[in-house]
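K.L.:
Here is how the chains run, residue by residue.
Number of protein chains: 2
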Amino acid sequence: MSAPVDDAVVPPGLSAEDFGKALRAFAAALGEGAVLRAGEATEQVREFRDPYSFPGWDDHWPAAVVQPGSVEEVQAVVRIARQYRVPLWTTSMGKNNAYGGPAPRVRGSVVVSMRRMNRVLEVNEELAYAVVEPGVSFFDLCAELQRRASRLWASIPDLGWGSVVGNTLDHGVGYLPGGNHADTQCGLEVVLASGEVVRTGMGAMDGNPAWHAHRRGFGPAVDSLFMQSNFGIVTKMGKWLTPRPEVYAPVEVHAPREEDLEAIIDTIRPLLLDGTVTNVPLIGTAVGAASVTRPRAQWYSGDGPLPAEFYARAAAELGLGYWNLRLALYGPADIVDAQLARLRAAYAAGVPGAWLTARTIAGEDVSEETVTIHPERVQAGVPGLALLDSLQWWGGIGGHLDFSPVAPLAGRHARTLVNILRPEIERAGLDFWPGTILTPRSFYMVSPLLYDTTNEAQVKAAYDVYRRLVKLTGEAGYGLYRGHIDFMDDIAAQYGWNDHAMLRLYQTLKDALDPDGILSPGKQGIWPRSMREG
Amino acid sequence: MSAPVDDAVVPPGLSAEDFGKALRAFAAALGEGAVLRAGEATEQVREFRDPYSFPGWDDHWPAAVVQPGSVEEVQAVVRIARQYRVPLWTTSMGKNNAYGGPAPRVRGSVVVSMRRMNRVLEVNEELAYAVVEPGVSFFDLCAELQRRASRLWASIPDLGWGSVVGNTLDHGVGYLPGGNHADTQCGLEVVLASGEVVRTGMGAMDGNPAWHAHRRGFGPAVDSLFMQSNFGIVTKMGKWLTPRPEVYAPVEVHAPREEDLEAIIDTIRPLLLDGTVTNVPLIGTAVGAASVTRPRAQWYSGDGPLPAEFYARAAAELGLGYWNLRLALYGPADIVDAQLARLRAAYAAGVPGAWLTARTIAGEDVSEETVTIHPERVQAGVPGLALLDSLQWWGGIGGHLDFSPVAPLAGRHARTLVNILRPEIERAGLDFWPGTILTPRSFYMVSPLLYDTTNEAQVKAAYDVYRRLVKLTGEAGYGLYRGHIDFMDDIAAQYGWNDHAMLRLYQTLKDALDPDGILSPGKQGIWPRSMREG
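One line per chain: the protein sequences are G and R, in this order. Residues in the first sequence are numbered from 52 upward in steps of one, following this note's numbering. Residues in the second sequence are numbered from 52 upward in steps of one, following this note's numbering.
One chain only, chain G, in its complex shape (with noise of 0.2 Å):
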């Protein structure tokens, strides 16, 4: 953490020569424009550290980055960087805020930022599923479908500007039927190390017009082999989307009490199990409410944890409870009315002082006018940025680590972690502020580490705190989804079973796609060869 960021930095393990050959034929290959050294175009290089990390530290900065536009020009940057063994770093949009955002995990790493390759290539409306390129956003693609006044609705996360395969790759998480964006990918194009490309199940015959209808081919599925990976460049990807409803119906359920966590869980999960409820439903907290309105300091002016008072404050001004579940219905308006009756049923006996709000939308009628709050803008696939605002929490320049775990959907679990996280964030000077989100059988305990990214010692705190949090949820047995670049080892160490034999499998996959260890080494803990030994 000690040269300025500005600094021109050569991969590691090359020489200064050869990195100036790499970058000369990266030139050659792109064109001059597409090419970022760092001590030169410093300004646009900045763009790709973790803009919520301390200013001063420079443990992710990036040598150079490079822009390729197009799939031969992806392969043209792998087989150079294998030429002079150059490290790459993916990222699409570069919005992995939270996590590290573009920056590499490796200093001096080549950052190839796939923005410049931004097309939707099909809108299928028949089949319900969209084609596009990792430098796609959700703002892109939500505004190609409304220029087509398509009748599909795509799948979103909280933060629009992010890349939809992007998102996808990370295991990320949308708030529509098939939010989990994993497992509604079909269908992926993929630059190899070797410099070839695949295609992966239908698209893995000439002229397949099921590429993005069926999710496998004939043998084994590669498709999650390129997510949460360091094995392929991600170029194309089919994205399944959903009809437009008849109905749409935004619901909250607020619970008063602390201790009714436990209930709200316990009591979705049959209508999650039995279908009811089809979309991914969340579970904020008042803090997460109060974030977005104005600072801390303007709700509670006291040292330490945030007291009950705060909670019941939040809770009267806002109009919510203490836990806040989001979910959405979505169908003709008989079936609509039947689920949330259910709904209303299920909370009335489940969880006593609860109550439930909806209101129902016919789908047409959805946009940016008539669904004007987030809750009911995300669910109807109407991005935004509006939870951008809950970086102003503690003043100065907002950020945030997010700590992941994942546990079966009990409200048991969300206890033990409760119990695990809050006191350790509490006394490490942050909020606890889990938004939960839901799937039948599990959930992420998404936990914003809040910070002022201008206070060294709040960022410093953050970052002691989720190491520390990292090493005892793994040994409570939970572990986590996703991890922020720092961090990846110490995850990946959580998985440690039969003497880590997941981590030695991915390590002999790696070495057997990327021998030369150019893609994005270090990302999830898989490192090349050449990186673990000595």
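There's no promise every hint is true.
In this list, chains with the same sequence are indistinguishable; a pair is considered to hold if it fits within one copy or across any two.
SDA-like, lysine to any residue: derived pairs with alpha carbons at most 20 Å apart [unchecked claim]:
(1) 72 / 503
(2) 522 / 258
(3) 72 / 85
(4) 522 / 257
(5) 522 / 466
(6) 511 / 420
(7) 522 / 453
(8) 522 / 349
(9) 511 / 85
(10) 522 / 199
Worth flagging that the hints you see were computed from the coordinates, not collected in a lab. All of these numbers come straight from a predicted model, not from anything done at the bench.
With chain G fixed as given, assemble chain R onto it according to the hints.
P.N.:
Just chain R now, with coordinates in the frame of chain G:
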């Protein structure tokens, strides 16, 4: 196809002496009774040939069968096989019928039968899953659910005798919600060719309770690598189950005319995409329905393909249409009623002349006594063997190959495939009998080529037309999802995009994971290096 099938054979490339040593090593590790050698235990080994091939053919005759009883014994088998370079061929229950049954791709392989590993290790009522070993059949699993008075239903295929694991690993399909079994598998334990054991997803972490509740861990998900592949031997699998619904409503739609096929498909597509229909529907034909009633000769005694007269008679006698769609609805009574009304309205408008039949029954009342016909049973998780009656069709000892191309879920693709398949199959003297299995965006046109296995000319005609159809459908852009062992190389060749880039990727993975090439060589057209060269 020359040697008598009960001959003692040795694996290719092995001396009789070395093979004898290997067999003694297997017996030492597993016990004498767990090793069956062709030429000695011939009657027992005979069970491991393809039951649907002509009895005189011996292309797939195994040299021996080993039957491990535990994960440790599977590891021992793999290590011994590596030591002696013995090609193995893994089979679970061995009921991969129509695709080769338990028979190995390579004559002289040692079959690893997993039948002895037959425990249902867990049934989780709260999270709706079961954990099974490969020797658990659908009959076994459903019996165990019944024994526990479980409220969970398992998605099952048409025949109940097959392995839950084996079906899933071969991308098999069942007919309940979650019927795309590879998509509702969660968490594997796998013995690799190295003899090491890995657990996938959250199972890669010691004591993680989400192993069978959450489908991904940290890093790329490798589960699908062990499906339709020869990269490992699966020893445990989590299978997601479906809660017993309040109401179960099996539905049939009968369409009178051959030319209704497109409309049947195009009418249901929106109802699958919007979640009105959540199970896996199937479109059958009058031939299929007739085949389970009595032999072909009692339906039609003329020469040549089945004429219009046959279809008219079968439809009238059986109360069916030319095409017959089956599906089922699951849920609370009011919702099922609303869904049924939508189905009725859709087919009244979409397929003039079609008629819909349905009944509703409380989920808790469903049993073998109350649900007696195959379509109603198989969509409610009540396994059976009723469809085996179709083997009487040609007389003698019936068998079949299944020719199973996939296409996008649109009527025009089904028409194109019918136009390719029917004339070729009828020209071969066989009947065209597709069972078209529907997913929201694709279909499998599973076309059994029935024959009398004792009639060598007829079996050969089926094999010949199968090979020809692989070529013809491939040229038209449609790939097979699964295939008989004799045609795996032909089918793999269909997937030829970019000079067979996918096959070369499979070979790279194969060489890395199984450098000695001992695991199921040739499966899905994936050969180890030693068998590719020369």
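K.L.:
It remains to establish, for every hint, whether it holds in the given structure.
P.N.:
Hint check results:
When the C-alpha separation of residue 72 and residue 503 is checked against a cutoff of 20 Å, the pair qualifies neither within a copy, at 40 Å, nor between copies, at 69 Å. For the homomeric pair residue 522 and residue 258, the shortest alpha-carbon distance between copies (14 Å) is at most 20 Å, but the shortest distance inside one copy (49 Å) is not. In this assembly of identical chains, the alpha carbons of residue 72 and residue 85 lie at most 20 Å apart only when taken from the same copy (16 Å versus 62 Å across copies). Taking the shortest alpha-carbon separations for residue 522 and residue 257, only the inter-copy value of 13 Å comes in at or below 20 Å, while the best intra-copy value is 48 Å.
With identical chains, the CA atoms of residue 522 and residue 466 are at most 20 Å apart within one copy only, with a shortest distance of 18 Å there and 58 Å across copies. Taking identical chains as interchangeable, the C-alpha atoms of residue 511 and residue 420 are never at most 20 Å apart, the minima being 42 Å within one chain and 66 Å between chains. For the identical chains of this complex, residue 522 and residue 453 are intra-copy neighbours only, at 15 Å inside a copy versus 51 Å across copies, given an alpha-carbon limit of 20 Å. Taking the closest pair of Cα atoms, residue 522 and residue 349 never come within 20 Å of each other, the shortest separation being 34 Å inside a single copy and 72 Å across copies.
Neither within a single protomer nor between protomers do residue 511 and residue 85 lie at most 20 Å apart by alpha-carbon distance, with minima of 35 Å and 60 Å respectively. Taking the shortest Cα distances, residue 522 and residue 199 never come within 20 Å of each other, neither inside one copy (49 Å) nor across copies (38 Å).
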